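**Student:** As a plain string of letters, each chain reads:
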Amino acid sequence: MPIFALWNGSLESDSNEFGTMKLLLEILLSAALGALHCAATAQQLPKEQTKGLDEQVQDIKSDVLAISSELQQLEEKLLYPSNTQLSVFLSLAGSGKLRLDSVRLKLDGKDAAHHIYTFKELEALQSGGVQRVLTSNVRTAEHSLEVAVLGKTGNDVPFQQVATYKFKKSVQPKLLEIVVDRSASSDKAIRFKE
Amino acid sequence: MRRLVFLVGLCFNPLVFAAEPQERSRAKDLYLGEAYYQAAQGNYFDAISRLDTELWQFYRLDDPKLDQLHYRVNQANFSVGDFELSYRMHQRAGRAVKAVLEGNVDEATRTEAAWRLARIYMQKSDATSALATIENIMGRTSGNAGDEDSLLLGNIYLHTGKFTDAITVFNGLKGKKGFDGYSTYNLGIALLQNGQESNGLAEIEKAGLLNSDDEATLAIKDKANLFLGSRLISSGNAAQAKQYLDRIRLSGPFSNKALLSSGWADAAEGHFERALVPWSTLIKRNSTDKAVQEGQLGAPYAFSKLQLHGRAAQLYAVALQSFGSELGKLEASLKSIREGKFLEALVRTESKLDREWVVRLRELPDSAETYYLLELLASNDFQESLQNYFDLEEIRKRLATWTESLDSFAEIIEIRGRYYDEALAPVDTRFAALDSQMRLRMQQRQTLHERLQKLLVAPRPDFLQTAAERVLLEQLARLSEQYGSDRSAAGADARRRIQRLRGALHWNIHTSYDERLTFAYKHIHDLDADVVRLNAIHRSFVRTRQAATQSYKGYESQLRTLRLKIRDAGEKLSTLMARQGSVLEAMAIRELEQRRARLEEYQIHARFALADSYDRANKQQDGASK
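Residue numbers (the working numbering), protein chains in the order written: chain A, 1 to 194; chain B, 1 to 626.
You can trust all of the hints, since none of them are fake.
In silico EDC-like pairs for lysine to aspartate or glutamate, Cα to Cα no more than 16 angstroms straight-line: (1) B:LYS553 / B:GLU422; (2) B:LYS565 / A:ASP63; (3) A:LYS97 / A:GLU123; (4) B:LYS572 / A:ASP59; (5) B:LYS565 / A:GLU70; (6) A:LYS152 / A:ASP101; (7) B:LYS553 / B:GLU414; (8) B:LYS572 / A:ASP63; (9) B:LYS572 / A:GLU55; (10) B:LYS290 / B:GLU375; (11) B:LYS553 / A:GLU75; (12) B:LYS565 / A:ASP59; (13) B:LYS124 / A:GLU55; (14) A:LYS174 / B:ASP67; (15) A:LYS77 / B:GLU556; (16) B:LYS98 / B:GLU135.
The set of hints was computed from the structure by calculation and includes no laboratory data. For clarity, every value in this text was computed on a predicted model and none was experimentally measured.
The following block holds chain A by itself, in its conformation from the complex (with noise of 0.2 angstroms):
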């Protein structure tokens, strides 16, 4: 976001045209100036009011940050207990130029997971961010996961990879993370860590 800060110089503004037009049509000085007078006292007004307002504005954005936290734990706690919890991530690997349209995951077999990407996304992935792409429950034992990937390659060339994974659920979360390597070849782009 550009940072407009308040410049209160004594440059001329570009709204001094006002100026000039008193030496060539003194009628509409009078109107202008008289514009531009209510303009000034008119931009001090709100800024004192909404001086107060931000600060109370981040102040409940602070609360609700909390009550954010709060509900975020109680819902893990109540919907994904640690002991059976499982969380799969996606990241980006790689400079190659290799674009994501969806992920698919099956876990023991059954469709856990599906998400087509947006434009955003894939921005945020490529900035290193990591996506969450499943949260589910699952009893501590050894389980499989199917992930398969589509997408197009640089060449605009339809490209799929399916891999599988083996794990085993302990009592502790369990946090898989897959690595979509962009330049990586086809059979070798998809890779999980534990």
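Model the placement of chain B on the given structure of chain A, informed by the hints.
**Tutor:** For chain B alone, coordinates are given in the frame of chain A:
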């Protein structure tokens, strides 16, 4: 939208600023990465909330050093501050970044934190604090500042009156790709402020001659030329002003002002026929624009100066009609705003899909004429208020969703409670029985283990007799007792045989002692494997049992508290939204009233000038007919 506001913003700010750096380094921690993922999409609330939760949990760990986040906790704290800044929470962001600055962090992090904090201060128009923050790290980072940071530093110097330092910094940015426009223009301003007028104007002239495909740079180029043109007109050098004004693009954000000023430059020199060239183009443009409205008076004025009173009268009549129509729009807009329709239109989600959504608001039924609000929209105060209003609206929706979530949670808990209360009672009874059995067996195993340990140091073969041997020995004892008093030959034979059998058993037990001891150890080892399995099953059951309890017990108080907090936040939010909305409406109304006042003045002037032109045209006609 950002582009639109940036370009409009350029029109009203003497200084120009580059956009903030947005790129973030690749995150290694998954939760941190998840927060970046949200932040990169502009979902700052979710990003902060996620990181807050992780940090809250991290700081409550018994041994945080074992957690993955330990290695990135400074980065996480720093990022929270960064996201808070983007979410316009300057107070908290400032505190977070300050904490990083004062914490035990490496020099690179401290330097980055200082630049961020300086940016926060500049956003709050506190250049003095920004300067103090940067000066604090200056000695350590001299010469290492990036181009973005240098531009910020130059602006800090400009705002704190350190013009010589600003000149040095902006000179250092010369020729840097992407910064040429900003640095050259601001260097010119710094030189002017420092009293070096000719050098300053020369730099601004250079900014006015920049070659680029970049829209922002082209806008700076136009701004520089407009600045020079306007300055020359006001200092009485209108003839020289033309060359600068003519460089301004006819389609850029400054084109209307350029056309207006170009006309005035010609008019000032008495070249009214030439003034009509730009003004004739100008008056065909959007009649809500200030410059166009002024042009609508300028063009007939030029005709009247050329003694073409009939044409002047015609154009004054057109101007009058246009002003009347615009006043009508303004009245309708004011009415719409006072009826709350402006705020309604602002928060409509579908309207923001387009980059120029503010302009498109005017297309909504009964909505305000938003062209009149473009200048206001570009102002910092309005933008802050508008963003606050959007944030409050987003929070309002979240609170509503959360209330529903809490209802769902309460229902889940209630259903779970009903199920488990019924299901767990027999399970608990059965478990209690099995548990006591298990404890008994474990005690037995322990006794056996202790005995075997003792046998290693004090052999006791009798402890390793088999059950059959024990039965046999008991039988032999009974037989021995039975034949003990039998003095017959058969009795003597029986006793001899019993004795031999006892001897044979004794021999077997004692000679196979070591083998028996080994077997015993093997068996207890096998038993231990079963015990391990049993303990695992026991622990798993206990955990599952605890999880069952935890899934529905102990939430009442938390849910109640959360409900209260959400309700309180909702009440505060309603008040704040109403106040913030009123401020926005008041600002919009004030802007529209100013424009209305100006248009009314123009209207009065146009009426008088129209009458005057008619008179003169009639006199001219009379004179010609005579």
